[in-house]
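Asker: Chain residues, written in single-letter form:
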Amino acid sequence: MAHLLKIISSALDFLYFELISPGFVIVAKGLDMLFIQPLQFLQIPPVLQIMFVAFLTGMLSMAIRRLVRVEEKEAAFKKTFTQKKDAQDDLKLISDWKSRETFAKTIDNDIDNDFNGYLAERFARHGMVYLLPIFLSLFWLENVLGSTILFSLPENRFGIQGIYPQFVFLLTYCLVLVIFFRVRRRKRKAAS
Amino acid sequence: MRRVSLLLSVVALFVFAMASKSWAIDAQLSGDKVKAGDAITVTGTIDPGQELFVVVATEKMFKPSDADGPKERKELKGGKGGKNAFGDTAIPPVYYVVTSDPTKLATPKSSTKGQTSGIFAFPPFKYEVRVNKLKAWADIPEETKSYLGPIKDEAQWKFIAFTHENKFGINTISKEAPIGGGNARCIMTDYNTEKEAWNKGATLSLDKATGKFTMTMAPYKNLAPDTRMKVYVNGQDIGNFTIEKSTYFFKTANIYMNPLVVFFGAFIIGCLFVIMGAAGGLFTAAFQVTVLGTKGPIGINAANTIKPTNLFLTLCSPITGLMNYFKEKRFAWPVAIFFAAGIVIGAFFLGPNFSAKYLPLKAYKFYLGIICLIIGIKLFMESLPSSIEKKKAMKAIIQKFNAAVKEAKSSGKAMELGKVEFEKFNIIKFDMKFWGETFVARPLIMLLSGILMGMIAASFGVGGGFMFMPFMTTAMGYPMYLAVPIALAGTFATSVGGIAKFSLMGYQPDWIMAAAIAAGAIAGGMVGPKIQKHLPEIFLKRMLALALVIVFLNYTDALFFLR
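Residue numbers (the numbering used here), protein chains in the order written: chain A, 1 to 192; chain B, 193 to 755.
Honestly, the hints are just simulated from the structure, not real lab data.
Please read all numbers here as calculations on a predicted model, not as lab measurements.
Treat the hints loosely; a few may be bogus.
Derived DSS-like pairs (lysine-lysine); straight-line CA-CA distance at most 25 Å [stated by the list, open to error]: (1) A:Lys79 with B:Lys722; (2) B:Lys337 with B:Lys296; (3) A:Lys6 with B:Lys337; (4) B:Lys296 with B:Lys437; (5) A:Lys6 with B:Lys437.
Whole structure, please, built from the sequences with the hints as guidance.
Answerer: Laid out in structure tokens, this is it:
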């Protein structure tokens, strides 16, 4: 058993360290060179650097949103859902109650399965769009800038020590998303 | 005169050599680099007839003011109830003594552990376990005291005892797993000579006639890469070695684990989440505690790393549903606003503070175990035929309601139906009309219950859905279509309040671990519904219930072989 575990562990180590990790390192170094180093060279304060990274992460989320076609998939599901519901309405035309109930049950189960799948997929899509970019950006930021307090607060009974980079990041990220959705809504309204 | 001074010099040299006890010690380490989790061997010679004391300790010392966690810093510095205050005392966070005469430093004895106080202070939660209890400083022979390496005084010795015998000390500083639910390893001897659990993995041979010795032991397996360890033989510094990483090291979680293992583990969690339909936060918390064994950085209690990581993971689920419920006008706002406000208050102002102070890993695990038992029982009940029938009927009602929402939306009636109507607002109780039905709204009860439940959920670093739903459907008597959106708003409020507070307190999640868990859970969530159809639901639910009961027994230390 121990031998088997060792083989599995070695295989996973190979996969991660030889194939996945180098990719991450190259991306991290590229991002560092492209964004952080120029900002540091310009002596931009860390708070603004974090806000800039949060802005980019927000943009990345929006790009992934477009890439995984969140809206199209939602619309497609709603269309199928409505069609199946309509099919259920058509069952009224069947006069035999037993057959009608059997058909209704089948369609009902089908809709139920569709809905469960839709919920799980939606969780996955939103995880990909929002959670993963947040986690990976914060991990990268932690490695580049560290996790030191940006502004310290005097000792207080709430135990709040100060403002940390992650707090600034999350606040800016949320703000970017809110602005993005508002602008888009306004544009759509104007277009319609 | 010359002869006298020569004689005096020889005598002085002899006295100096004897006093320092260093002239006869000759020792080597098996290497200057040791892979985390691997053993180090020390071989050499000491004075014939002497006992052997090999100290293996981290080179970098730790003092309470170094702790990054504000609650931990305060408790370590000032103690709790006047006890265990260590001020500015510095010790190596990882410290072992492997000796041929352990009785000089510790006494094997039976000790009461587990829930020693509180409402659960009874067997099997309170139990007896054999530990190697460190002796009081005054009871250690003076000569032995000089063999303890960086430990020079009573304050340091007391602090060492605290980091090996007290669960808070173990989970905050030494981080090593307590043996059999007792103490962490500290004073050890050869396992073949003394077959006690704490000696496992330690070998020591000493030929007293020649003074030749060999000692092998493996330091704590999750020591960070590049940690420098010092080795002392009978008080003499004989060198150091550096820890090399064994696989990927999660810096904040403070553990070695291949991220792919985390990913695959979370994938299973994702699948279970789909089958369960709830309790995702609880599963990820248990996954972090049991499978990953998240420890947290030195100076931060393990639980205060698990909770913020988990709160981030619980954020995803409510985000997805919340927006749609808003759009569909399915929020009974007189109820939802007060409930969510209460949860934010509880999750921000009370939960993390309460949790960081009163829910260190030991208590956290225990109460998490209790919650697992409750959910396990609930899951078993759900697997009973009567419950399955009831659930089907309930699903049909929800589907009908969803269809009504859709129809109302398409016919433009949604705005009209989704409007909340009431005659006069009253903070205690008033009648409101929502989606064509009349309900009793109790804003104050919702606010107060929200505060309490928000505090509990943020304390445990979970969304809290497992509390919100029964509260609203059973205690408040609301139907599912009213309760689900409010519960979702509640979990969102818990995550936001808890995350904001934990991050302001300086408790950081392990981002890469969170990313690996999220990625795995996402993949599991996608695959889950596809495989669920082909799996026997009743059998799966019962197996899950059994697994949760085992987690309960493990976390509460109720069974000796699971401790």
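Asker: Could you run down the list of hints and mark each one as holding or not?
Answerer: Results of checking the hints against the structure:
1. A:Lys79 with B:Lys722: holds, 21 Å
2. B:Lys337 with B:Lys296: holds, 10 Å
3. A:Lys6 with B:Lys337: Violated, at about 42 Å.
4. B:Lys296 with B:Lys437: violated, 35 Å
5. A:Lys6 with B:Lys437: holds, 16 Å
Hint compliance for this structure: hints 3 and 4 are not met, and every other hint is.
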